Structures are given as structure tokens and as C-alpha cells.
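Protein chains in written order, with the numbering used here: chain A, 380 to 493; chain B, 50 to 164.
To be clear, the hints were calculated from the coordinates, so they are not data collected in a lab. All values reported here derive from a predicted model rather than from experimental measurement. Just so you know, even glycine gets a beta-carbon here, dropped at the ideal spot from N, CA and C. One or more hints might be untrue.
Per label pair, the in silico range of CB-to-CB distance [stated by the list, open to error]:
| no. | chain 1 | residue 1 | chain 2 | residue 2 | range |
| --- | --- | --- | --- | --- | --- |
| 1 | A | K392 | B | Y76 | 32 to 38 angstroms |
| 2 | A | N458 | B | Y76 | 19 to 25 angstroms |
| 3 | B | G111 | A | E433 | 36 to 42 angstroms |
| 4 | A | T491 | B | K110 | 28 to 34 angstroms |
| 5 | B | P128 | A | E432 | 42 to 48 angstroms |
| 6 | B | Q51 | A | N409 | 21 to 27 angstroms |
| 7 | B | Q51 | A | A459 | 43 to 49 angstroms |
| 8 | B | P104 | A | T493 | 24 to 30 angstroms |
| 9 | A | S406 | B | S101 | 24 to 30 angstroms |
| 10 | A | K392 | B | H59 | 40 to 46 angstroms |
From the derived model, a few chain B residues whose C-beta atoms are all more than 12 angstroms from chain A [said to hold, decoys possible]:
| no. | residue |
| --- | --- |
| 11 | Q55 |
| 12 | G78 |
| 13 | G90 |
| 14 | Q94 |
| 15 | L95 |
| 16 | W132 |
| 17 | N143 |
| 18 | T156 |
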Amino acid sequence: ETGVTQSPTHLIKTRGQQVTLRCSSQSGHNTVSWYQQALGQGPQFIFQYYREEENGRGNFPPRFSGLQFPNYSSELNVNALELDDSALYLCASSPPQTGAYEQYFGPGTRLTVT
Amino acid sequence: AQSVSQHNHHVILSEAASLELGCNYSYGGTVNLFWYVQYPGQHLQLLLKYFSGDPLVKGIKGFEAEFIKSKFSFNLRKPSVQWSDTAEYFCAVNAGSSGTYKYIFGTGTRLKVLA
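Here chain A stands alone, though its shape is the one from the complex (with noise of 0.2 angstroms):
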């Protein structure tokens, strides 16, 4: 059973640039979420997505997006890349039997703003 992947591993982005991360859930998950982990902190919430729709939005600005394909794999976009959006991203998937109550993570994707 293949884990939830992620991709690219590394990126290096400059200002005002915009990124697009690519999370592909664990068999048989239907539900993503999409966290933000700076250097020092735990995983902060960016927001869920559920048969395609936003489930839920921690507090994060507009200019991040994100969308749920079919398949349930998913896509985080960032648009006017700030230094501070330098980061772990991580993507979580959730099978249904548990509702979003147990997550799985992925190994994440290191962005890096100059």
C-alpha cells in the first residue's frame, strides 16, 4: 500500500513568484489537509478539502488555494510568495471510515522564498 507522496521534495522560489505543491493521498483517502510547518513550530492548519470542496480554513490568506481532483489527489497554490512562506508543507490524508479524525502524513515539500 502506497503512503501519501508529495512532490517536488525541495523548491526554491523568489518573491512575488507563485508555487504549485502536489499531494497524492493513501489509497482509498478521500479527504486531504494541507498544513504549513516553519522552522521551529509544529504543523500549522492551512485548509481540508473533501470530495472536492474546501472543508475548513485555518488562518491563512487568500492567496493560498487549493483544489481536490477525482481521484482525491490534491494541489496546494501560492500565489505572491512571501520570505515568511518558506516552509514544510505537508499534506495529510484521511480514509473514510474516520472521517478526518486520523491523518497520515506525507514527507512534504521544503519551500524556500529568496
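On the provided structure of chain A, position chain B as indicated by the hints.
Using the frame of chain A, we list chain B on its own:
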């Protein structure tokens, strides 16, 4: 607002020492509680979880945690740590408000076990 506090940011222990990592949360309703571990260079892995029932839960690798509702606490314990337990440990709360099952994480505790 909901929050999770982890009291110890860095802990250094010798092998075979006992471990207790503190976790307190602020939320008055029903919560689900988790401990995750992040080994160097690896992704977050679930150590154990509490949904309901017996407040003493056992997880993988000999870890256990006790939910004390009156203290809003969910401390992680291990009787005898090993060098391979060197990692960062995160406590998380899931309160499922408005159907959004987001996790709120603490800031983490870095554990270093000396061989």
C-alpha cells in the same frame, strides 16, 4: 481559540532513562488526542491516539500516554528510552469543529537520547 502547549522544547536523556513529555490543550469540548513522532529526515508518524474509553493508551515502540480530562493533559511516557528514540515529538488535538477535522499541533519537543 484552541491551543496545544508542550512544556519541554528540548530534552536530553541517557539510554534507559524514563521519559515524560508534557502536553496540555485548551478546548472545552470533546477532543481526540494524538502524539506524532518525526525522526530525522522522515515524515510525521503516528505514535498513539486517544478517542474515548480507557484514558491510558498504548502506542508503538513502547510509548504510552494518559489522558487526564480534569487537567486538559495528554502526557507521553516511556519507561526506558533508546538511542533510536531521538526525534521530535508533537502533541496534537483534533476537535472537529463545524465538521472540519483539523489538527492543532504543539510546537514540538526535541528529544536527544545519549548512547
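Given a hint of 24 to 30 angstroms, does the C-beta separation of A/S406 and B/S101 actually sit inside it?
Distance hint for A/S406, B/S101 holds at roughly 27 angstroms.
Is 28 to 34 angstroms respected by the C-beta to C-beta distance linking A/T491 and B/K110?
Since the Cβ atoms of A/T491 and B/K110 sit about 32 angstroms apart, the hinted range of 28 to 34 angstroms holds.
Hey, does B/T156 actually stay past 12 angstroms from chain A on C-beta?
violated (5 angstroms)
Nearest-CB test (12 angstroms) between chain A and B/G90
Incorrect as stated: the minimum Cβ-Cβ distance to chain A is 9 angstroms, not above 12 angstroms.
Outcome of range test on Cβ distance (A/K392, B/Y76; 32 to 38 angstroms):
holds (36 angstroms)
Supplied distance hint 40 to 46 angstroms, evaluated on CB atoms of A/K392 and B/H59
Taking Cβ atoms as reference, A/K392 and B/H59 lie about 31 angstroms apart, which means the hint is violated.
Verify this label for me: B/G78 is non-interface relative to chain A, using a Cβ-Cβ cutoff of 12 angstroms.
About 14 angstroms separates B/G78 from the closest Cβ of chain A, which puts it past 12 angstroms; holds.
Run the C-beta distances from B/Q55 to all of chain A and say if the shortest one exceeds 12 angstroms.
violated (8 angstroms)
Honestly, do A/N458 and B/Y76 meet the 19 to 25 angstroms range at C-beta?
About 33 angstroms separates the Cβ atoms of A/N458 and B/Y76, which means 19 to 25 angstroms is violated.
Cβ-Cβ distance between B/Q51 and A/A459: within 43 to 49 angstroms?
Violated: the Cβ-Cβ distance is about 29 angstroms, outside 43 to 49 angstroms.
Note whether the CB distance of B/G111 and A/E433 lies within 36 to 42 angstroms or breaks it.
About 39 angstroms separates the Cβ atoms of B/G111 and A/E433, which means 36 to 42 angstroms holds.
Can the suggested window of 24 to 30 angstroms be confirmed for the beta-carbon pair B/P104 and A/T493?
violated (48 angstroms)
Hint compliance for this structure: hints 2, 7, 8, 10, 11, 13, 14, 15, 17, 18 are not met, and every other hint is.
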